[in-house]
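Respectively, the protein sequence lines represent chains A and B. For the record, in the first sequence the residue sitting at position 298 is 298 according to our numbering, with numbers rising by one throughout. For the record, in the second sequence the residue sitting at position 50 is 50 according to our numbering, with numbers rising by one throughout.
Since the hints were made in silico from the structure, they are not lab data. There may be inaccurate statements among the hints.
Unchecked claim - Label pairs and their calculated CB-CB ranges:
#: 1; chain 1: B; residue 1: P143; chain 2: A; residue 2: E257; range: 24 to 32 Å
#: 2; chain 1: A; residue 1: Q150; chain 2: B; residue 2: R99; range: 21 to 29 Å
#: 3; chain 1: B; residue 1: R99; chain 2: A; residue 2: E257; range: 27 to 35 Å
#: 4; chain 1: A; residue 1: E57; chain 2: B; residue 2: E130; range: 39 to 47 Å
#: 5; chain 1: B; residue 1: Q140; chain 2: A; residue 2: Q150; range: 36 to 44 Å
#: 6; chain 1: A; residue 1: A148; chain 2: B; residue 2: R99; range: 29 to 37 Å
#: 7; chain 1: A; residue 1: E134; chain 2: B; residue 2: F95; range: 56 to 64 Å
#: 8; chain 1: B; residue 1: R56; chain 2: A; residue 2: A148; range: 49 to 57 Å
#: 9; chain 1: A; residue 1: Q238; chain 2: B; residue 2: G22; range: 55 to 63 Å
#: 10; chain 1: A; residue 1: A311; chain 2: B; residue 2: R56; range: 21 to 29 Å
#: 11; chain 1: A; residue 1: Q150; chain 2: B; residue 2: P144; range: 29 to 37 Å
#: 12; chain 1: A; residue 1: D5; chain 2: B; residue 2: P144; range: 31 to 39 Å
#: 13; chain 1: B; residue 1: Q140; chain 2: A; residue 2: A320; range: 36 to 44 Å
#: 14; chain 1: B; residue 1: A63; chain 2: A; residue 2: E134; range: 25 to 33 Å
Stated by the list, open to error - Computed footprint of chain A on chain B, listed as stretches where at least three residues anywhere in the stretch have a Cβ under 8 Å from a Cβ of chain A:
#: 15; stretch: 22-28
#: 16; stretch: 36-44
#: 17; stretch: 59-73
Predicted, not measured: the structure shown is a model, and the values here were computed from it. The beta-carbon is built from N, C-alpha and C at its ideal position, and this holds for glycine as well.
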Amino acid sequence: MITIDGSSGEGGGQVLRTAIGLSLVTGEKCVVENVRAGRKKPGLQRQHLTAVLAAAEVGDARVEGAELGSSRVAFVPKAVRAGDYTFAIGTAGSTTLVLQTVLPALLSASGPSTVSLEGGTHNPMAPPYDFLAETFAPLLHRMGAGLALQLHRHGFYPAGGGRVSASIAPAAWTPLELLERRDAPEVRARIVVARIPPRVAPREASMLRSRLGLRNDEIVIDEVESAGPGNVVILRLQLGEVTEVITQLGERGVLAETVASRAAAEAIRLLAANVPVGEHLADQLLIPMALAGGGAFRTVAPSEHTRTNAAVIERFLPVAIAFHEDGQDGAWRVEVRAR
Amino acid sequence: MATTRGHTVISFLGAQLDRPRGNDRWDHWRPNVAMCQHEDLLIGRLVLLTERRFGRLFEEVAADIRAVSPETTVERRDLPLRDPWDFEEVFDKLFQFSRELRLDPERDDALVHMTTGTHVAQICLYLLTETRRFPARLLQTGPPTGKGPSRGTWQIIDLDLSRFDRIAQRFAEEQQEGQSLLKSGIDTRNASFNELITQVERVAPASAAPILLMGPTGAGKSQLARRIFELKRQRHLITGPFVEVNCATIRGDAAHSTLFGHERGAFTGALQRRPGLLRAADKGLLFLDEIGELGLDEQAMLLRALEEKRFLPLGSDKEAQSDFQLVAGTNRDLGRAVARGAFREDLLARINLWTFRLPGLRDRIEDLEPNVDFELEQFSARAGRRVHFNAEARAAYLQFATAGTGLWRGNFRDLNASITRLCTLASGGRITEKDVDGELGRLQADWRRDDDDPAPGADDDALLSGLLGGRLAQVDRFDRVQLAEVVRTCRRHRSLSAAGRELFAASRARKSSSNDTDRLRKYLSRFDLDWSKVSRA
């Protein structure tokens, strides 16, 4: 049995999701204590509870402490079952975080699966759908795993109502290295709007033009159907082997120009860093590389979030994850090696 | 205790607050949608109370709730109200609904949402929750403040107030204050006395029923009655005055008019209308000390006043009304008085609901010292000068007072008198050993005198005064003893001759007297009494 201190490192919901996700993969029972202990509202919130219950369904697991506010979750998986799953997430919570929780297990299962998810598709503090579809899924494919995603409907906070489906094929893992990137990356923008005043998107486009020097034909404005209002600025950065996706959500009370400007600033930072892997992708690559038994990538300085995630992974899988600075320009090299 | 299943919430569909439509409805705070949007509140079942005419609104709200909270099952309950501001109708319908709903307090972990519905509906929901018709806690939601998220705030309120630390503490403090008040602020140490005070503190504010204080003379019945009055007044339970009378002082004819009043001209000398003490005590507290001394007629009238809050003043053909809290005091065993025929059994039953036995001073001798300090302070406050013992004098006094030598026949009354004497005689505000010596001599002499005169004959006097009234004063002690025994014997028998046979049994055996009945009749007539007067009880 593996006991994880949920308050260690970054100490958020990710510790819990990684732990039960890998508990499913390894069949090892796990206990997460002090769940989100340092947060303003500690313990399990509804989105975490949904993720725990989804994982329990996939792995036919017995769970103790699956209650709102619970600070200790004991997770005892029986057997992962490939199949068709549907999960609905409340409070317009992130569909991608729930998918991320069950994905490693379904990639390791004996047959193909489909997962249908309802809730938010573009949430703050969670990987947006476009990132999973355009950045993450192609890389998984290169590692020998099959993940095909489809967005049926956008879901934004607070109305939610988004729908995503995923087809998952069991992986034949091969290690992957992402060390190089091309010199003159290509940048494209997509502005998604739903049920909001028509002037928002053009203002965002105008800001992207001036900050990133994009031409009009490099910016697409998409008006989509959604249960409630929503707006997201999506930047695709062709870095060579990797397509990075940067997103910025429109918010009530925040100027359209500010939203676009924040997205542009993040893109400019990543472009200047001269590495193929951005902060968020670094986080996402650790589990598949660990499952593949090895891998390496060059990235920006790892976040607390990434380091915490690595520490949890090392508890479950026979790998060592090393972080070291690489050269003078602030780049880091992350290496996943079999132990 | 919210489990995976989540709470069951009962809530009115907000005809106004849940109303906003269109794309910008998500910018508005809609209480029933918003309560399903909290990451830290899981609602498994939402029972929405509505009406047919709000069917469309219900469908829209329910659809939005399903989108933001797939964990929630929304149920519609139509509650047709002719007038949602009519208290009786709303209460009745909600009461009916609460019975149909059959909440399970364990499984449902139910919450009653207080934020939507008319004020009348909110009051009714509150009342039904407080009385556990809805075995639930209250859910209060609030709109977002400033730039906060549009789901606003929520709060669960448990009406079991003892769960709130600050409120529980306030209750405990109030109780403490109440007990301290009942003890006149004296820090008493006797466990059984303190227990008695705890009970009185609980009973007095909670009950308007009569209270009976038993205990020897001077045990503090009168003080406690006054303290009960002050406690009830402090808690706004009574508004009238404190009225006190010792029944031993109002025997005979005067008793009725003193207690129940009389009309002008009700009897010779009744020049003025007199309202009587019962009417004076209206909405207040009436302390009847030595209630065992009350005549049988007055007892009957008092019983009626207690049961119906009505009584007949002397010479009046109209009943008077008064609503008072009765506290009765007695130093005698009223049960024995009932057996003897001196006290009405039904009245005793009526006043015997809350009976507290005050121990005498000797039975709570550990409280003597704090009471000495209390008496010193009382004297100092009255006299305007501080008086205290010097150390040796205090030790000597306490030694004598708490050892077997301190008989304290008159209990706290003796103590009060003793300290008053010491303080009065103390020169320069200091009580010396010499002062104490003198006082101890006085106390011993007092208690010896009591020994010489053990039976003041109070029982006899009480019995006879009911028959003779003021004429009792002209009867010698010598005759009283005999007459009292004769009266008691008469009351045990159904006829004069039967009583005579018992009283003159010895003479009868010697055949020295033939007519017991005549002999008894003649004896009684000496006191202006006859069978009908004596046997009445």
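Evaluation of the provided hints:
Between B:P143 and A:E257 the beta carbons are some 29 Å apart, a value that agrees with the proposed interval 24 to 32 Å. Checking the proposed 21 to 29 Å range against A:Q150 and B:R99 shows it is violated: the Cβ atoms sit about 50 Å from each other. At roughly 59 Å, the beta-carbon separation of B:R99 and A:E257 lies outside the given 27 to 35 Å, and the hint is violated. A hinted range of 39 to 47 Å for the beta carbons of A:E57 and B:E130 is consistent with their spacing of about 41 Å.
A C-beta distance of roughly 42 Å is found between B:Q140 and A:Q150, which places it inside the suggested range of 36 to 44 Å. Distance hint for A:A148 and B:R99: a CB-CB separation of about 54 Å, inconsistent with the stated range 29 to 37 Å. In this structure the supplied range 56 to 64 Å holds for A:E134 paired with B:F95, their Cβ-Cβ distance being about 59 Å. Between B:R56 and A:A148 the CB atoms are about 40 Å apart, so this pair departs from the stated range of 49 to 57 Å.
Distance hint for A:Q238 and B:G22: a CB-CB separation of about 40 Å, inconsistent with the stated range 55 to 63 Å. Between A:A311 and B:R56 the C-beta distance comes to about 54 Å, which lies outside the given range of 21 to 29 Å. Hint check: A:Q150 to B:P144, Cβ distance near 35 Å, so the stated range 29 to 37 Å holds. A hinted range of 31 to 39 Å for the beta carbons of A:D5 and B:P144 is consistent with their spacing of about 35 Å.
B:Q140 and A:A320 have their C-beta atoms about 52 Å apart, which leaves the hinted 36 to 44 Å range violated. For B:A63 and A:E134, the hinted distance range of 25 to 33 Å is satisfied, since their beta carbons lie about 32 Å from each other. With 4 residues carrying a beta carbon less than 8 Å from a beta carbon of chain A, the stretch 22-28 of chain B meets the three-residue requirement, and the given coverage holds. With 7 residues having a beta carbon nearer than 8 Å to a beta carbon of chain A, the stretch 36-44 of chain B meets the requirement of three or more and the stated coverage holds.
Figure legend: the stretch 59-73 of chain B, annotated as covered by chain A; annotation consistent (7 residues with Cβ-Cβ distances under 8 Å, at least 3 required).
Violated hints, in rising order: 2, 3, 6, 8, 9, 10 and 13; the structure is consistent with all others.
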